[in-house]
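Top to bottom, those sequences are chains P and A. The first sequence lines up with residues 8 to 106 when you count with our numbering. The second sequence lines up with residues -18 to 435 when you count with our numbering.
The hints are simulated quantities; they were obtained by calculation from the structure and are not laboratory data. The structure presented is a predicted model; accordingly, all values stated were derived computationally and were not measured. Hints may be right or wrong, so weigh each one.
As the list claims (entries may be wrong) - Derived DSSO-like pairs: lysine-lysine, alpha-carbon spacing no greater than 30 angstroms straight-line:
1) LYS393(A) / LYS55(A)
2) LYS80(P) / LYS390(A)
3) LYS393(A) / LYS80(P)
4) LYS55(A) / LYS390(A)
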Amino acid sequence: MEIPQKLKEYIDNHRGSLPPITDPDEPLQIDSLGLIRLVAFLESDLGIRVEDEELIAENFATLRQLGELLATKTPTAPTAEAKPSALEGIPTFSAKRET
Amino acid sequence: MKTDVLIIGGGPGGAAMAMFLVREGIKPVILEQEEFPRYHIGESMTGEGGQVLRRLGFEAEMTKREHPVKHGVKVFGTSGVNSWYVPVSARDKEWNLSFSTTWQVRRSDFDTMMLKEAETRGATVMPGTATKPLLADDGAVRGVTVRWPDGKSEDIETEVVLDCSGQATFLANQRVTGPKYVGSYDKQVAFFSQVTGAIRGSGVSGEEAKDNTVIFYSKKFHWGWFIPLDKDVVSVGMVTPRADFLAKKQTPEEFFRNELYDINPEVRNRIPEMNLVEKVHVIPNYSYQVRGFCGKGFICIGDAHRFIDPIFSFGLTVTMREAEFAAPLVREYLEGKRRNGANPFAEHQVFCEKGIDNLEDMIDLFWEQPFAFATFVYHRYPDLLTDAFAGRIYPTEHQPSPAVLAFRKMLKRTREYDQDDYSVPIGSRFHPERAALWEPNSPVATTEQWMGAR
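Extracted from the complex, chain P is given alone in its bound form (with noise of 0.2 angstroms):
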């Protein structure tokens, strides 16, 4: 399955200063938090949910690596933003669009 252009705009838009991904194979350097906030947006905007056991690093490591990942999925309808904490404050990675 090829990367979604949402999704790759989403990576080229997370890496702080670095410039958009051409290789597939160079490493995303997405830093730990900003994976998770990844497996957010892709159940929350793509429909694809990453299972517990798909966790690794190494399945986010590069675009070839996540597209491998995304080639065994079916994409469902996009799903409701993750349900909030009951607690107020607490990081929820919803993937609302971020300014």
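Once you've looked at the hints, dock chain A against the given chain P.
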């Protein structure tokens, strides 16, 4: 000498045990071999530990003594730039979740307060050391032999002995319990001291609250803690594999001073200089699990039967909670209940094991799959994990939760509770399921091999 209930150990477990027993109308004897105040490790607690203290009526005294208030734990992970934060939380009677606080404690002060109050409320504190259990013909514990400070020995006859001897694991060492298995974190060694001049958060509450616990880690099984003890002093500790320490060929103090900074770049931001105001203590082999830790005439409480690892600060909380759970059962036993079976406290035993097993699954996944763990904490199961971090780990608290079940699925482990008291627990370093996790190239491949080698 005769007493219905003898408590071995006057630390927080023994003192809490006594105070809960007094509420049940029982006046226990506490045996304590050290002169208080004395230094002790185990300086942070989770939310539910704070709740135990509140239920015992200590809120005002803790505030008066200015024990630092913990709003949560900040964790600095692999790159030193990222941090994540777990707040202390509480649940009310309707199970609604809210932010809460607990305390950091200088144990010399805290333990003295607890023991004094236990005495004030009706427990008798006697200085002395338990040397041997006294056993009835059927193996039931019917007392202990005590050595008094003047060197004389005396037998104390009891209905129930509550072993609150902590890491000394008195009854386990005396083979009254089932086997004591070396735990999965047995190859870790803790080095710790106290510093002044450390830099804390600047806030009064929440993530930046100045007296929060800070945890630093980078490599697997290498981590450090930062726990304020008062306005000036911070407890600082480091846990690393024993092999690393031995390879460096340094004294504990040298190793501590040098290696703490290597744990994570954030350490130097918080501790610009090592102004140690306490010697560097070392505790190896702190991880173990005792099977069959309850029986006729005895219950082991807290560290006296199990300790996994200090990383999530559960030790003090679990100990005080177990004391609270045990107290009504002791009263019922003294009233004649459950006197006929092999283990009058069998239900309590499995209840405690289940709670700590949930904890163990959490600690194990934290090291085995840190990315999955962080995703669970922040995204997939945030509320369920603040419950676990707070210490709401027992079967009566919606455990094992979907989060804990997800941990088990990730660790490829199932937990069953129909085995006898002698089976090797998953927590054992040499459990067949665990050997692969801990040391892929371990020279000991199976539990049988290990048992044969002993």
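Take a quick look at whether LYS80(P) and LYS390(A) sit within 30 angstroms of each other, Cα to Cα. 20 angstroms, holds
Quickly compare the C-alpha distance for LYS55(A) and LYS390(A) to 30 angstroms and report which way the hint goes. Judged against 30 angstroms, a Cα distance of about 27 angstroms means the pair holds.
Does LYS393(A) pair with LYS55(A) here, judged by a C-alpha cut-off of 30 angstroms? 29 angstroms, holds
Run the distance test for LYS393(A) versus LYS80(P): straight-line Cα separation, threshold 30 angstroms. Judged against 30 angstroms, a Cα distance of about 23 angstroms means the pair holds.
Checked against the numbered hints given earlier, this structure breaks none of them.
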